[in-house]
Amino acid sequence: MDSTFISDTINRALTTAGLGPGYRAQGIDIHRVIEDALASAGLAHAPSAPPRTALDDVRDAPRRAPAAPGRFVWHRHTGPHGSRDYRLYVPASCTDACRPALVMMLHGCKQHPDDFAAGTRMNELAERHGFLVAYPAQTRRANGSNCWNWFDTAQQQRSGGEPSILAGIVDDINAMYPVDRSKVYVAGLSAGAAMAVILGQTHPDLFAGIGAHSGLPKGVAHDVPSAFAAMQSRTQQGSGSGGRAVRTMVIHGDADATVNVANGSAIIRHALDAYKQSGVHLQPQAVQTLERGGRRYSSRAFCDELGMPLVEECVIHGGGHAWSGGDTAGSFTDRSGPDASEEFVRFFLGSSGARPITRSD
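Each residue of the sequence shown is one higher than the one before, counting from 0 in numbering that gives the first Met the number 0.
Source of the hints: derived by calculation from the structure; they are not laboratory data.
Mixed in with the good hints there might be a few duds.
Calculated pairs, SDA-like style, for lysine to any residue (alpha carbon to alpha carbon, straight line, at most 20 Å) [said to hold, decoys possible]:
no.: 1; residue 1: K182; residue 2: P203
no.: 2; residue 1: K275; residue 2: R243
no.: 3; residue 1: K182; residue 2: L305
no.: 4; residue 1: K275; residue 2: F301
no.: 5; residue 1: K275; residue 2: E304
no.: 6; residue 1: K182; residue 2: M307
no.: 7; residue 1: K182; residue 2: D171
no.: 8; residue 1: K275; residue 2: H202
no.: 9; residue 1: K182; residue 2: R243
no.: 10; residue 1: K182; residue 2: Q282
no.: 11; residue 1: K275; residue 2: D204
no.: 12; residue 1: K182; residue 2: T288
All of these numbers come straight from a predicted model, not from anything done at the bench.
Required output: the full structure, derived from the provided sequences and hints.
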């Protein structure tokens with residue numbers, strides 16, 4: 000793909016999104032935002048072409064072994080839709096008698112499993128709570144920036160290649176370990192979060208809950224121009240599930256200049272609509288404004304009649320496009336703010352760290 004074609008594609012995308020030459024929003028150079036967006040969302044299928052120069056400015060993901068004492072092993076899934084490697088963490092705390100939960104973690108662009116594991120510290124939580132963690136690896140052949148192709152309509156269907164491959168990885172792990180199939184979850188960052196949302200809607204029979212950190216709704220984009228527009232929240236906010244409701248937690252920074260926080264709110268709306276269509280009435284709880292890690296954040300849960308949170312939104316005030324409360328050993332992390340990994344695990348497993356639920360009037 001030559002530089003002229005890339006330039007023309009970007010210009011068409013800017014114009015389609017209403018962000019033509021000279022457009023500035025609140026003093027922000029929108030063209031620079033678009034360049035950053037390319038790095039974070041990998042909006043190009045580049046099976047053979049090298050990454051763009053703009054992407055080279057994003058530091059390569061660090062490679063560091065996990066500190067947790069369990070086994071962190073590479074596996075490979077091969078199926079009708081293709082192959083992907085993945086890392087699987089098996090905690091030492093899980094004995095032969097345990098029926099562990101499984102959490103699938105989908106990395107963002109320019110990341111890889113080792114990097115994502117280091118930045119999120121999810122393996123440490125797996126050791127503490129006794130669950131398995133799978134980290135699928137996107138390939139540069141599938142996407143030049145190692146992004147999951149959330150913006151490709153073909154990848155937004157149950158029969159799509161990437162959703163099918165990721166579901167196949169879960170099936171492989173179920174065949175290897177006595178996983179509690181009622182406790183299989185998926186979470187991700189950015190493009191990984193967008194793919195997690197897709198999986199929740201295409202495979203609600205497989206995933207009991209999803210966690211989306213700085214992600215986008217399913218169906219919000221169908222090509223490169225609409226993806227640019229969606230990331231800046233200048234397009235329709237995606238499609239509802241059209242199927243079974245799935246427990247959903249969203250974490251998003253309200254200062255995210257790459258993926259506008261409105262996308263997180265749209266994911267929440269779709270989740271609530273799905274429960275409503277399923278005949279489940281959720282009770283909104285009072286918004287709690289808390290502070291952790293030097294950042295304030297607002298959290299709100301929507302609970303069933305037993306007080307179980309089925310949908311939850313956490314908006315981090317001043318938070319950008321990075322894993323909140325993460326470890327700087329990994330890329331795209333922010334040490335400040337609530338620990339996103341702990342929050343997702345609390346939500347998924349209902350661990351003892353769950354905050355009390357206060358019903359609103």
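We went through each hint and held it up to the structure:
1. K182 - P203: holds (12 Å)
2. K275 - R243: Holds. K275 to R243 sits at ~10 Å (cutoff 20 Å).
3. K182 - L305: Cα-Cα ~19 Å, so holds.
4. K275 - F301: holds (12 Å)
5. K275 - E304: The hint holds at about 14 Å.
6. K182 - M307: Measuring from Cα to Cα gives roughly 15 Å; hence the hint holds.
7. K182 - D171: Within the cut-off at roughly 16 Å; holds.
8. K275 - H202: holds (19 Å)
9. K182 - R243: holds (16 Å)
10. K182 - Q282: violated (23 Å)
11. K275 - D204: Distance of about 18 Å is within 20 Å: holds.
12. K182 - T288: Violated, at roughly 29 Å.
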